[in-house]
Amino acid sequence: MIRLEHVTKVYDVKPAVDDLSLHVDKGEVCILIGPSGCGKTTTLRLINRLVEPTSGKIWVNDEDTSTVKPEILRRSIGYAIQSVGLFPHMNVSENIAVVPGLLGWEKTRTSRRTEELLDLVGLDPGVYSQKYPAQLSGGEAQRIGVARALAADPPVLLMDEPFGAVDPLTRQRLQGWFIRLQQRLKKTIILVTHDLDEAIRLADKIAIMQAGKLVQYDVPETILSRPANMFVHDFVGVDRALKRLSRVGVKRYVRQAPTVTQQSSKEDVLSAIEHRRSVWVLDEGRHPVGWIDRANMSNEFSIKDITFYADQYEMSVTTSDTLRDALSKMLGLGFRSIPVVDENGRFAGELTLADIEAATSEMENSSHG
Amino acid sequence: MVRRQSFRWILLVISITAFIILLINLSWWKVTLHFFFPSQIQVIYPSNSLLSLVARHLELVLISSCLTVLIGVPLGIWVTRPSGIEFQPIVNDLTSLGQTFPPVAVLALAVPLFGFGLVPTVIALFLYGLLPVIRNTIAGIRSVPVSLVDAAYGMGMSRFQALIQVELPMAYRVILAGIRISIVINVGTAMIGAVIGAGGLGSPIIAGLVQLNTAYVIEGAVPAAILAILIDQFLANIESSFAYSAQTQMA
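As given, the protein sequences belong to chains A and B, one line each in that order. Reminder that position 50 of the first sequence reads as 50 in the working numbering, one-by-one numbering, no gaps. Reminder that position 196 of the second sequence reads as 196 in the working numbering, one-by-one numbering, no gaps.
Careful: at least some of the hints might be erroneous.
[What the hints assert, rightly or not] To give an idea of the chain B side of the interface with chain A (calculated C-beta under 8 angstroms), a few residues:
#	residue
1	Ser147
2	Ala151
3	Ser158
4	Gln161
Hints in this document: simulated from the structure, not taken from any laboratory. For each residue, glycine too, the CB sits at the ideal point set by N, CA and C.
Let the sequences and hints guide you as you build the complete structure.
This is the structure we're talking about:
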């Protein structure tokens with residue numbers, strides 16, 4: 001889908017991109033990463049011809065980009081940059097309508113598409129279409145930025161630090177949102193970031209660059225388990241075992257666990273907690289509300305008094321979270337197991353520390369085998 | 001927002017109407033000026049009516065300012081484009097020269113070439129008003145963040161489309177501020193046109209200076225000051241009626 005062949009870009013005498021070859025297949029997310037000045041942004045800009053290569057060839061959709069007029073080429077490629085890329089003098093729907101406008105779409109088609117896109121990125125068109133960028137939060141602005149890039153439904157998206165300008169929490173939410181969106185849209189995406197965790201979470205393949213050269217291009221699991229050289233080794237860091245956990249979803253490891261409700265009888269509680277240190281307490285809607293510790297039980301007890309109550313979102317992970325998210329929450333809470341909830345917040349089972357350990361050694365074996 | 005807008009326009013229309021009424025009723029001027037200058041026998045400039053002096057003054061300002069805007073803004077834009085960027089220092093220097101060169105001297109030089117009257121005055125005013133227009137056009141376009149222009153190109157806009165759809169809308173407040181300054185300066189500077197017979201509100205002032213009649217000077221200066229304020233208000237209203245400026249004021 002996107003193919004770079006021996007592409008070199010020289011500024012003055014120093015090459016910013018040095019003999020780079022890269023293939024990205026249809027529907028894949030390729031993440032360009034490396035220290036600042038490694039040429040990752042230049043590479044991205046070479047693809048939509050914001051930068052012209054000194055030598056080499058680039059194909060997008062099996063078309064040699066040098067044979068297409070740059071403006072025409074760019075209208076067929078989605079381009080999203082940090083939230084500053086929204087035009088402050090245009091409201092949200094006008095911002096989204098820029099490329100359709102350039103392509104000469106009819107007004108009704110454009111406005112229908114704008115609403116569709118706002119729905120797609122999870123923002124209510126009634127609330128947001130007339131707002132100006134200055135009235136949006138960082139996370140909203142970046143969603144709009146992605147919606148704008150998707151406006152003309154391009155098969156290829158180029159994204160330059162699209163989640164760069166937001167706080168870590170919003171960033172994580174946006175990444176989760178991005179993964180779900182990509183599962184539906186299956187676009188071919190090249191994304192530039194300097195955040196390795198982001199790369200590992202989002203990438204089908206990671207391209208690590210150093211001084212204009214591509215040093216390793218592979219799936220995240222391989223990058224983490226078999227770094228090509230010392231540079232990649234140092235770049236991925238000593239905690240790469242931990243990072244690999246963020247490639248594994250919680251879903252596979254969810255196991256059944258006994259639960260009680262606040263209305264359960266003493267006998268139920270006693271039988272549920274047999275052979276266990278604790279048991280999860282749910283409300284009527286099967287949302288976890290807390291837990292009962294065996295150590296806290298005396299002969300006479302009422303469920304309400306011995307339950308530890310906690311915020312549902314703080315004490316549980318969802319099925320779409322990764323093992324790393326789960327581990328980090330368990331360590332934070334001091335749990336040896338943690339409840340897992342589905343998209344609707346209902347109890348789906350639990351995940352134990354032992355499961356995570358097992359997953360880690362499983363990964364270790366598969367990468368050495 | 002819309003109500004405040006229309007309120008400003010209504011206020012402006014009332015002000016202009018009041019100004020015209022003031023210009024027509026010369027008897028009011030007569031009474032007032034007699035009160036302040038009881039020794040003067042003649043307090044009203046006899047050659048032209050006040051209304052026709054203001055009209056002539058406005059004519060001088062409008063012609064020269066239109067020229068300034070029509071030439072200054074495109075010139076300012078051009079020197080920010082890749083094709084004209086090398087001329088930016090020269091254009092900057094030349095407009096500075098136009099500003100530092102006294103308009104009276106321009107008149108003195110223009111008279112042998114173009115004779116007396118309207119043409120040399122308009123040329124002097126045009127040169128004098130060019131600097132704020134060109135400087136602000138350049139500054140306005142430069143103030144547009146590079147990343148936004150980059151986004152515009154990245155989405156497939158041509159240079160011209162990026163200029164029209166992104167750069168100018170974002171720069172127009174600064175550009176319009178330059179135009180306002182230029183026009184208000186011109187209202188004052190247009191007085192010198194009277195020296196070479198171009199007429200306008202400078203005529204009673206010159207006559208007043210020559211004949212030591214302060215009443216004449218006031219008769220020229222007061223309407224000119226009011227005229228400058230009204231034109232400035234008119235342009236301010238135009239500026240704030242754009243949606244974008246209303247939005248930034250809110251944010």
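Does the CB of Ser147(B) sit less than 8 angstroms away from some CB of chain A?
5 angstroms, holds
At a threshold of 8 angstroms, is the proposed contact between Ser158(B) and chain A supported by beta-carbon distances?
5 angstroms, holds
Does the interface hint hold: is Gln161(B) within less than 8 angstroms of chain A, judged Cβ to Cβ?
Since the shortest Cβ distance to chain A is 7 angstroms, the answer is holds.
With chain A as the partner, please determine if Ala151(B) meets the hint condition of a C-beta pair closer than 8 angstroms.
4 angstroms, holds
Hint check: no violations occur; every hint is consistent with the structure.
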